[in-house]
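Enquirer: Residues per chain, in single letters:
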Amino acid sequence: MSPKFGVVVFPGSNCDHDAYYAIKKILNQEAEFLWHKESDLKNCNVIILPGGFSYGDYLRTGSIARFSPIMNSVIDFANNGGIVIGICNGFQILLEAGLLPGVMLQNVSLKFICKDVYLKVENRNTIFTKEIPSEINTIKIPIAHGEGNYFATEDQLKEILENNQIVFKYCDADGNIDESNNPNGSLLNIAGIVNKNGNVLGMMPHPERVCDPVLGNTDGQFIFNSIINHIEELVNS
Amino acid sequence: MFKAQVIIKRRPSILDPQGKAVEKGAQHLGLTNIKNTRIGKFIEFDVISDNRQEAEKEVNEYCLKLLSNPIMEDYEFSLSEIKNAEKV
Numbered sequence: 001m002s003p004k005f006g007v008v009v010f011p012g013s014n015c016d017h018d019a020y021y022a023i024k025k026i027l028n029q030e031a032e033f034l035w036h037k038e039s040d041l042k043n044c045n046v047i048i049l050p051g052g053f054s055y056g057d058y059l060r061t062g063s064i065a066r067f068s069p070i071m072n073s074v075i076d077f078a079n080n081g082g083i084v085i086g087i088c089n090g091f092q093i094l095l096e097a098g099l100l101p102g103v104m105l106q107n108v109s110l111k112f113i114c115k116d117v118y119l120k121v122e123n124r125n126t127i128f129t130k131e132i133p134s135e136i137n138t139i140k141i142p143i144a145h146g147e148g149n150y151f152a153t154e155d156q157l158k159e160i161l162e163n164n165q166i167v168f169k170y171c172d173a174d175g176n177i178d179e180s181n182n183p184n185g186s187l188l189n190i191a192g193i194v195n196k197n198g199n200v201l202g203m204m205p206h207p208e209r210v211c212d213p214v215l216g217n218t219d220g221q222f223i224f225n226s227i228i229n230h231i232e233e234l235v236n237s
Numbered sequence: 001m002f003k004a005q006v007i008i009k010r011r012p013s014i015l016d017p018q019g020k021a022v023e024k025g026a027q028h029l030g031l032t033n034i035k036n037t038r039i040g041k042f043i044e045f046d047v048i049s050d051n052r053q054e055a056e057k058e059v060n061e062y063c064l065k066l067l068s069n070p071i072m073e074d075y076e077f078s079l080s081e082i083k084n085a086e087k088v
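Chains as they are written, first to last, in my numbering: chain H, 1 to 237; chain E, 1 to 88.
Quick caveat, the hints were computed from the structure, so don't treat them as lab data.
Note that the Cβ used here is the ideal one computed from N, Cα and C, for glycine as well.
Fair warning: there could be bad hints in the mix.
[Stated by the list, open to error] Heads up, simulated DSSO-like pairs for lysine-lysine below, C-alpha to C-alpha not over 27 Å straight-line:
1. E:Lys35 / H:Lys196
2. E:Lys57 / H:Lys111
3. H:Lys4 / H:Lys115
4. E:Lys9 / H:Lys111
[To be verified] If you only want the chain E side, here are some residues facing chain H, beta carbon under 8 Å, derived:
5. Pro12
6. Ile14
7. Gln18
Construct the entire structure; sequences and hints are all you get.
Expert: Here it is in structure tokens:
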């Protein structure tokens, strides 16, 4: 059995088609759009909350989408161990929904930043990263956001570190993590985290944008292939 | 019926780059005495209830669950009764 991906569509989502295209046409997996007003996850094994500007980013990014009907199902799904990946605005929604700890502030520069960044893989033992070859030190994935400045309270950060929840950190091409390679001011250069159980990932960079070989970079495939192989292994074991 | 006025502020420990940027404008204006500019939100709405306690409870829930994010923001609000004649 191959996994079925559900891509949630909120009003204002704009990376939903990119995610669908990457899953369906490049990785040849089943994919389906899930409208935010529905509550049926249609037997999907993986839920993607895509990037975009849900509800116009009004109030705070992700704060209104978090109350869309489908989110109740996504929260139940995640709490029962279901695999959820939130990309960019999807990450912001996961934070607002309380599925991941912390909050997203405006970029320190106040600018919307759209560029390729390098990511150091801090945790390779996750559902989302285990197919990243060990010889690869950094992956290159683009960001495109105005509010990607990750922040968590002291208590939250302590827990994140204790549970090894940091998955990606912003770095340079050689994997050096410092202030000059922090595009948005994120705490500890954090670009992506998982929940305590490891089944929910939030990341600001867009892996779906770097899956098609025609674009000259396929590093995003590592993340989706990790999920696909994880599910196939589960089914076959 | 009550008119609620909510003010949402970033917690003092949270950096406010927007406030800093705006304050640069103040400096360019020559307003050298302006310091510590912080930008928050002001939200106004009506609460259809004749019971102040009940209205306060609902406003608190609105503020805590949606209007503010307690990780980075604090809120305060006032409720003023709207007399029948003022109702639109």
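Enquirer: Does each hint fit the structure? Answer for all of them.
Expert: Each hint tested on the structure:
no. : hint               : result
1   : E:Lys35 / H:Lys196 : violated (41 Å)
2   : E:Lys57 / H:Lys111 : violated (38 Å)
3   : H:Lys4 / H:Lys115  : violated (30 Å)
4   : E:Lys9 / H:Lys111  : holds (21 Å)
5   : Pro12              : violated (13 Å)
6   : Ile14              : holds (7 Å)
7   : Gln18              : holds (6 Å)
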